[in-house]
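K.L.:
As a plain string of letters, each chain reads:
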Amino acid sequence: MGGKINAAGRWVPDEINGKPVIPFQGVGKYIPKGRKAAPPIVSCANYPKDGNKVVKSLREALELCGLRDGMTITTHHHFRNGDKLANKLFDIIAEMGVKDLVWYPSAAFPCHEPIIKHLKSGVIHHIEGSLNGPLGEFCTYGGMRGQGVLRSHGGRYRAIQDGEVHVDIAVIAAPTADPFGNANALYGKSACGLLGFALADAQYADKVIIVTDNLVPFPCIPWQIHGNWVDYVVVMDDIGDPSKIVSGTTVITRSPARLLIAEYTARFIKEAGIMRDGFSFQAGAGGTSLAFIPYLKKYMKEAGVKARWVRGGSTKYLVELLEEGLTDYILDGQTFDLYGVRSMRDNPNHVWTSPFTSYNYHGKGNFASMVDVVVLGATEVDVNFNANVVTHSDGVLLHGIGGWQDCLFAKCTILAVPTFRDRVPVIVDRVTTLCGPAELIDVVITERGIAINPRREDLYEAVKGSGLPIRSIEELRDEAYRVCGGPPKPPEVDKDHVVAAIQWVDGTVIDVVYKKIK
Amino acid sequence: MEVAEVGRRGPDIRADCFVHLELKPSGGLDIELNSKVESMYGDSIRGLVTDMLKYFGIKNAYIYLEDYRAFPWVLMARIEAAIKKCLPDIELEYLPDMLPQNLYKKPRDTFRRTRLYVPGDQPRLIINCGLYKPDGIVLDLEDSVAPDHKFGARFMVRNALRAVDLMGAERMVRINQLPNGLDDLPYVVPHNLHTVLIPKCESGDQVRQVADRVDTLRKQHKIEDEIYLIPIIESAMGVLNAYEIASASPHVVALAVGLEDLTADIGAERTKEGTETLFARQQIVIAARAAGVQPLDTVYSDVEDYEGLRASVREAKRMGFEGKGCIHPLQIRVIHEEFMPTPEEVEKAHRIVEAMEEAKRKGLGVVALGTKMIDPPVVKRALRVLKLKELSEK
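Note that the protein sequences, when read in sequence, are chains A and B. Residue numbering for the first sequence follows the working numbering, starting at 1 and increasing by one per position. Residue numbering for the second sequence follows the working numbering, starting at 1 and increasing by one per position.
Don't take each hint at face value.
[As the list claims (entries may be wrong)] Okay, derived cross-link-like pairs now, SDA-like style, lysine to any residue, Cα gap no bigger than 25 Å in a straight line:
id: 1; chain 1: A; residue 1: Lys244; chain 2: B; residue 2: Pro11
id: 2; chain 1: A; residue 1: Lys301; chain 2: B; residue 2: Pro11
id: 3; chain 1: B; residue 1: Lys394; chain 2: A; residue 2: Pro469
id: 4; chain 1: A; residue 1: Lys518; chain 2: B; residue 2: Pro11
id: 5; chain 1: B; residue 1: Lys133; chain 2: A; residue 2: Lys518
id: 6; chain 1: B; residue 1: Lys133; chain 2: A; residue 2: Glu474
id: 7; chain 1: B; residue 1: Lys36; chain 2: A; residue 2: Tyr141
id: 8; chain 1: B; residue 1: Lys272; chain 2: B; residue 2: Asp143
id: 9; chain 1: B; residue 1: Lys133; chain 2: A; residue 2: Glu137
id: 10; chain 1: B; residue 1: Lys394; chain 2: A; residue 2: Arg421
id: 11; chain 1: A; residue 1: Lys298; chain 2: B; residue 2: Lys272
id: 12; chain 1: A; residue 1: Lys297; chain 2: B; residue 2: Gln283
id: 13; chain 1: B; residue 1: Lys36; chain 2: A; residue 2: Lys301
The set of hints was computed from the structure by calculation and includes no laboratory data.
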């Protein structure tokens with residue numbers, strides 16, 4: 001298998017799924033030319049004049065869309081672990097006898113374990129999207145025929161926009177829709193917030209199907225998805241369970257050690273002078289990343305400081321900030337709980353965004369780089385400040401990238417992580433899989449101390465003398481190794497068998513995951 | 001016993017392990033490992049098991065280890081417990097290295113505002129307990145350890161005293177109620193233990209039994225440092241004998257009260273106001289002060305109610321107690337905040353200390369503040385207030 005070493009020092013193959021690979025060239029170095037993709041020209045002559053695009057079943061819609069072997073099909077993760085559409089969709093496709101599809105979800109969750117049977121039976125050839133839980137394990141041990149391609153939320157939008165991934169049929173679960181295909185996620189029994197992750201698909205796919213469990217007469221207001229992009233509308237009993245958008249990663253941790261990390265994080269933001277009138281921040285999913293918000297809120301109140309805007313994933317904690325006047329706006333890409341859904345529906349200053357506005361690296365700027373400080377998690381961070389978010393040290397794919405890579409462009413990027421998780425070191429010599437390059441990671445905050453990237457002398461100077469426990473990252477690694485009984489042995493892998501590629505936000509490949517032998 | 005099982009297993013278990021050991025007449029060693037960290041630490045775990053079996057002279061055995069990402073000192077404790085269940089007469093111990101940072105001392109009058117009780121058989125709770133900066137960490141062998149786990153907990157606590165960084169806290173162990181508690185002592189005394197908590201203490205004689213056993217062990221292990229004792233009063237009899245208990249041994253440094261059991265023992269109903277135990281708590285304060293040791297209050301058991309905790313600390317402080325027990329790390333800060341001397345207390349202490357220094361300079365035998373004479377205990381207390389203020393600001 002041919003390949004080369006990329007600018008991050010990682011080997012990448014020449015091809016993934018038979019398509020040429022562009023190796024990672026460094027942050028901001030790869031600037032492609034050419035024109036973006038465009039959907040086919042269509043005519044109103046071929047669509048019902050009365051605007052009624054409802055067909056009687058998803059199967060009929062798929063047949064009308066011309067579903068055939070080898071196509072790329074997409075679904076979205078607005079319901080997170082409560083999604084019911086993807087499993088039903090592929091069961092129907094299996095019945096239709098169609099094979100070798102590419103599933104290109106905006107994210108997969110443990111609830112998608114039944115997809116494994118379709119990978120085994122040949123209905124799905126491979127998945128390009130996050131490979132979580134059971135799917136991650138299946139892929140890591142070489143169960144998938146094709147190779148996984150993991151992209152960030154911004155990277156997914158970009159790949160569609162750039163024509164790197166052509167979507168044949170997008171199937172969008174919509175908590176409320178009208179017969180024309182206008183849709184939102186604010187109303188209905190399955191209201192889950194917003195549909196931003198389906199935006200690229202709606203704009204660029206050849207065919208778009210809206211599946212709703214709450215069909216309202218035209219017009220469905222507001223319309224986040226325009227009916228003018230939509231081919232067919234299907235009514236289905238149950239598309240998802242919005243109560244399951246809340247999960248372990250979207251509620252505040254109760255672990256005292258994690259709360260200590262959160263408190264250090266908030267204190268760091270205060271002491272570094274980032275918390276000042278008009279500032280902005282973003283908290284990633286993850287119990288620890290979220291937990292710093294109540295601490296920061298306390299400091300903001302004490303100092304009489306207000307934020308201009310904060311970025312969701314919105315939770316109860318951000319909503320309270322908005323409602324108490326501590327921020328002017330929430331710019332929200334995803335609602336992480338039902339407080340978020342309610343607020344987005346009722347409060348005009350709680351605004352939906354999309355991967356296009358927030359994250360798309362091949363755009364004329366995006367919001368992520370304008371954020372003053374972002375707090376994220378990671379599975380591993382190494383002594384060079386490189387970070388991993390998709391595999392653990394055992395080499396098994398476990399998480400998607402989400403918006404994580406896109407967020408690294410914030411003015412100050414903080415990874416809030418424990419030094420070790422039970423016996424698994426988090427601060428290590430070299431990350432198992434590289435997802436985030438060191439030059440974008442500024443601070444690592446653990447329960448045992450705070451390490452500042454030597455590139456950020458300014459931050460170091462700002463917090464010097466604040467009483468925060470500033471330590472070198474090597475000290476943190478040493479402590480992790482001492483507690484865990486030495487450095488972990490790297491996983492035994494088959495270097496000739498790449499099971500998944502990790503893309504950087506610009507579409508280059510930053511690292512790969514190998515088939516695990518043991 | 002030829003077969004032993006120790007530890008924990010199940011889907012919710014983390015940082016712990018389960019060991020099944022069968023001694024065999026022949027056939028060599030058969031080690032079966034099922035570990036969540038197989039690819040990272042599998043070889044190292046198998047090496048540890050082999051080394052331990054060899055160390056204890058076991059040549060023929062089947063050992064099954066189900067590992068939920070347990071730390072090395074936890075694996076060692078569980079394996080040793082399994083071996084000693086089978087072979088109780090073995091005196092050898094397989095000890096993890098003592099961390100150099102655990103070899104610190106504590107003065108007998110160290111502040112004991114908070115003592116964090118940590119179940120001695122829960123490695124996940126033990127590993128981080130130093131992070132929360134309590135004045136003392138109580139590795140508990142008594143009420144927080146279920147009867148089935150008492151045996152294993154001794155090895156766990158012993159290994160924790162050596163291998164877990166307790167980050168400067170007073171290193172305390174609560175032994176079991178006597179007489180069983182006496183047999184806990186050999187497991188903990190030799191490992192830079194600072195303080196033994198004696199639960200459900202009812203007489204001076206019980207304190208002396210512990211003190212004698214500790215002294216024997218100190219001699220045996222050539223330990224020069226004093227090991228302090230804190231009896232906990234949890235019964236009507238204990239309350240009546242409080243002074244005798246507090247003065248039973250020169251090693252007693254504090255007297256604590258435990259209200260859960262005491263309330264039951266006196267047949268009272270536990271109320272928020274706590275009037276039913278008012279006498280008992282006052283008696284503890286009086287007895288402790290009379291014996292020249294610190295009075296320490298009970299734990300506050302509602303871990304979600306921080307305002308209630310705050311009020312209870314204020315009350316304890318007013319009554320003369322110098323510390324509270326904690327059952328959750330998040331209680332520590334609240335307690336430290338409430339024990340922080342008020343600005344008025346600090347100011348008064350400064351004035352007293354200045355007056356004392358003034359008197360010294362002038363060579364006066366009597367310290368006076370304005371027209372008032374100041375006795376030595378008042379000066380001593382003022383110095384302690386200033387020290388506490390310094391500590392609170394750290």
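K.L.:
Do the alpha carbons of B:Lys133 and A:Glu474 lie within 25 Å of each other, as the hint requires?
P.N.:
Satisfied, since the Cα-Cα distance of roughly 23 Å is no more than 25 Å.
K.L.:
Could you grab the alpha-carbon distance between A:Lys518 and B:Pro11 and see if it respects the 25 Å cut-off?
P.N.:
The hint holds at about 22 Å.
K.L.:
Regarding the pair B:Lys394 and A:Pro469, is the alpha-carbon distance no greater than 25 Å?
P.N.:
Answer holds: B:Lys394 to A:Pro469 is near 12 Å, not above 25 Å.
K.L.:
Are A:Lys298 and B:Lys272 close enough, with their CA atoms no more than 25 Å apart?
P.N.:
violated, 29 Å
K.L.:
Checking one constraint from the list: CA of A:Lys297 to CA of B:Gln283, max 25 Å. Satisfied?
P.N.:
At roughly 44 Å apart (the allowed maximum being 25 Å), B:Gln283 and A:Lys297 break the hint.
K.L.:
Has the given pair, B:Lys272 with B:Asp143, been kept, meaning a C-alpha gap of at most 25 Å?
P.N.:
Given pair B:Lys272, B:Asp143 holds - Cα atoms ~23 Å apart, limit 25 Å.
K.L.:
Does A:Glu137 sit within 25 Å of B:Lys133, going by the straight-line distance between their CA atoms?
P.N.:
violated, 40 Å
K.L.:
Given the hint that B:Lys394 pairs with A:Arg421, does the C-alpha gap stay at or below 25 Å?
P.N.:
Roughly 28 Å separates the two Cα atoms, so the pair is violated.
K.L.:
Within a Cα-Cα threshold of 25 Å, do A:Lys301 and B:Pro11 meet the stated pairing?
P.N.:
Outside the cut-off at roughly 42 Å; violated.
K.L.:
Need the status of pair A:Lys244, B:Pro11: alpha-carbon distance at most 25 Å?
P.N.:
Distance of about 21 Å is within 25 Å: holds.
K.L.:
Assess, step by step, whether the Cα of B:Lys36 is no farther than 25 Å from the Cα of A:Lys301, and give holds or violated.
P.N.:
Violated - the C-alpha atoms of A:Lys301 and B:Lys36 are around 44 Å apart, more than 25 Å.
K.L.:
Is the hinted pair B:Lys133 and A:Lys518 satisfied, with a Cα-Cα distance of at most 25 Å?
P.N.:
Judged against 25 Å, a Cα distance of about 41 Å means the pair is violated.
Figure legend: structure checked against the earlier numbered hints; hints not met, in rising order: 2, 5, 9, 10, 11, 12, 13.
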